[in-house]
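Generate the whole structure from the sequences, applying the supplied hints.
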Amino acid sequence: MVKRNLRFAAALVAFAPLFSAAGGPAHAWSTARGVPSSLDASEEIIEVDLHQLTSIAWEPGDEVPEEIQRLNGRRVVLRGFMHASVAGDQRKFPMVTEACQCTASLMPSHFVEVDLGPTARTGPRTGQFEVVGRLEIGAVEEDGLVVSLYRLKGRFY
Amino acid sequence: MIRRIAGFVALLLVCTVGVADRAAGSPQRGQAAKLAPAELVERHLQTARAGALQVRSQAAGRLLTLGDVARDRLLELFAGDLDALAEQGQETVEILGRFEDPRLRDLAWSALGDLDFPWRPAALRGLAREGTAADGDRFLAGLRDPLAAVRAAAVTGIEAVAQHDPSIADRARPSLRAALADEDDRVRRAAAFALDTFGDADALYWPLADLERDDRWFELENGRAARYDALRQLATRLGDTAGYRPEKDPDDPENRTAWTVLEQRIRERAARAAGVELDAYEPPQLPPVARPAAPMPPPIAGIEVRSCRRGEFFLALGSDDTLRIGLGNPAVFQLAPGRAAQLAALLGSGYAAVGDERDFGEPGCDLEVYRVASESPTRPSHLRLLKGPAPIPGLRPDALTPFIEALRHDLVGTAGPEVAERFTAALQAVGGPIAPD
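In the order they appear, the protein sequences are chains B and G.
Just so we're aligned, residue 3 is where the first sequence starts under the working numbering, counting upward by one.
Just so we're aligned, residue 9 is where the second sequence starts under the working numbering, counting upward by one.
No wet-lab data here; the hints were simulated from the structure.
Idealized CB from N, CA, C, for every residue including glycine.
Hints may contain errors.
Ranges of calculated distance between the beta carbons of each label pair, as one might list FRET restraints [unchecked claim]:
1) B:N74 x G:V269: 24 to 32 Å
2) G:P305 x B:G63: 32 to 40 Å
3) G:P401 x B:D91: 25 to 33 Å
4) G:L85 x B:E143: 26 to 34 Å
5) B:N74 x G:H172: 40 to 48 Å
6) G:P425 x B:N74: 49 to 57 Å
7) B:N74 x G:L123: 42 to 50 Å
8) B:N74 x G:T265: 25 to 33 Å
9) B:D91 x G:M304: 36 to 44 Å
10) G:A360 x B:D91: 23 to 31 Å
11) B:G75 x G:L85: 40 to 48 Å
Following this line, the structure appears as structure tokens:
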């Protein structure tokens, strides 16, 4: 794990020219390694700060800010935590900036729903980790209630 | 392991985000319009209690739109029964104060007044949204609450009351100034922006200081979170962000330039508010807790306790034989040479004694997380106790007791018995009684 993260840090240093496709807080870095099979290895990967996504003031019915909407469909790397509510083996889990959001309700804008794909599963994780995949932005409703605002199909980096 | 806990599968099905409220019999969209109001109330109550986490608040909000039917049902179910209200969950508790009904607001105040009620912050947040002039003194009292989340909500309530009763600004000012030295940065920021609303623009120097934070607590990036929150609110007061980018290092040259621009705007605003010439204006001296932390040697072990009833504690042992209490710029106490390593070894022994098990209990509002950072402070080894509002007998492994007892001993000798007692109360609220050594 430590070795893998050192490689990740090295990749960040090597491929970290400032990129402003999202109007600001994103860094682009190229990689032909660690790309999920569903992704094109030549496509640019952007490092996105999870806080940027989850710190917006948003309520159901609101538009997502333009600088964030621009990230829709992009390949990104996110660093964060698994929400403490996750138990058992899961294909999908909420990724958050802090595992325990104990004193407030979880809102759709507070997490990225990570989908590992039809065959992958993960149990609870306690530390910080990275995921890479394609980011999808927009409210998805079920029974008239928003179940997610941000989704990422990908895998652990 | 959590995954082995019998009976937890059902909770898992409804709690895991991404698996929305698909319980059998749950009406699909389109059917909802055909339901009678009373049926909709039951449906929303069910979802607010046991739906996927991210839809509970939305479901509770729907109750507000149903008006009297929802109000009457809430009164029928929960008036005089705080236990039933606690079981319903914080999302429903939070909307009680938003009904324009004195009986539901009284119910929320009753919940707040019960220190064993698990959702006191939610009760006050809802009350604060619709603060009335008559609530002023109660919100002022909330500033002295033992829970930081309640204190922050009380600040919001005071601002809401001010819209009906401007005189509360002067009454609240001393307490809000005192809250600028609160140990919790959420409370400090809330107080700072409330004071700015009331004309004390110098208080914006507090969130400005947050823009210089880059502190971590082990892997938790609290400084980064503070930068985002402070900047978002500062931008609303100062026009824009001046190009400050919270995802970048505070010492990044562009951020230093932006910080200078923001500081100048605050200086001008504060000088105007104080009625002095800009050249003569002296910025306030911030208390140590509100200043960015100086670089410190890395932590080697620590404990995080978050109790929905007894509050939060963050204790870390530094490699420089210090005991650090709190986040951001923590209170630092010097221990005897070698003591931090000794305590970390005790915790390591506790880890070894429990084998490979690292998660105990079931997810909920309470957490007790131990960290041993043998390789990297940002990649510690965790041992977690998790639970909801209900107690779980025997949750904490006895093997952790020697570490806890030794830490409590050092707390008494450094921070003092009052802090040690509060820490113990929070521990007992999560993991249960501390077993005899």
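Hint check for L123 (chain G) and N74 (chain B) - Cβ pair distance inside 42 to 50 Å: Check passed, 46 Å falls within 42 to 50 Å.
Distance restraint hint 23 to 31 Å, applied to the beta-carbon atoms of A360 (chain G) and D91 (chain B): 27 Å, holds
Lying within 36 to 44 Å: is that true of the beta-carbon distance D91 (chain B) to M304 (chain G)? 38 Å, holds
Between P401 (chain G) and D91 (chain B), is the Cβ distance one that fits in 25 to 33 Å? 27 Å, holds
Outcome of range test on Cβ distance (G75 (chain B), L85 (chain G); 40 to 48 Å): 45 Å, holds
N74 (chain B) paired with T265 (chain G), Cβ distance criterion 25 to 33 Å: 31 Å Cβ-Cβ, so the 25 to 33 Å window holds.
Taking 26 to 34 Å as the stated bounds, is the beta-carbon spacing between L85 (chain G) and E143 (chain B) within them? 27 Å, holds
For the pair N74 (chain B) and V269 (chain G), does the Cβ-Cβ distance stay inside 24 to 32 Å? Holds - the Cβ-Cβ distance for N74 (chain B) and V269 (chain G), about 31 Å, lies within 24 to 32 Å.
Measuring from beta carbon to beta carbon, are N74 (chain B) and H172 (chain G) in 40 to 48 Å? With a Cβ separation near 42 Å, N74 (chain B) and H172 (chain G) satisfy 40 to 48 Å, so the hint holds.
Is it true that the C-beta distance of P305 (chain G) to G63 (chain B) lies inside 32 to 40 Å, as the hint says? 48 Å, violated
Measuring from beta carbon to beta carbon, are P425 (chain G) and N74 (chain B) in 49 to 57 Å? Roughly 55 Å apart at Cβ, these two residues keep to the hinted range, so it holds.
Hint 2 alone, counting from the list given before, is not met by this structure.
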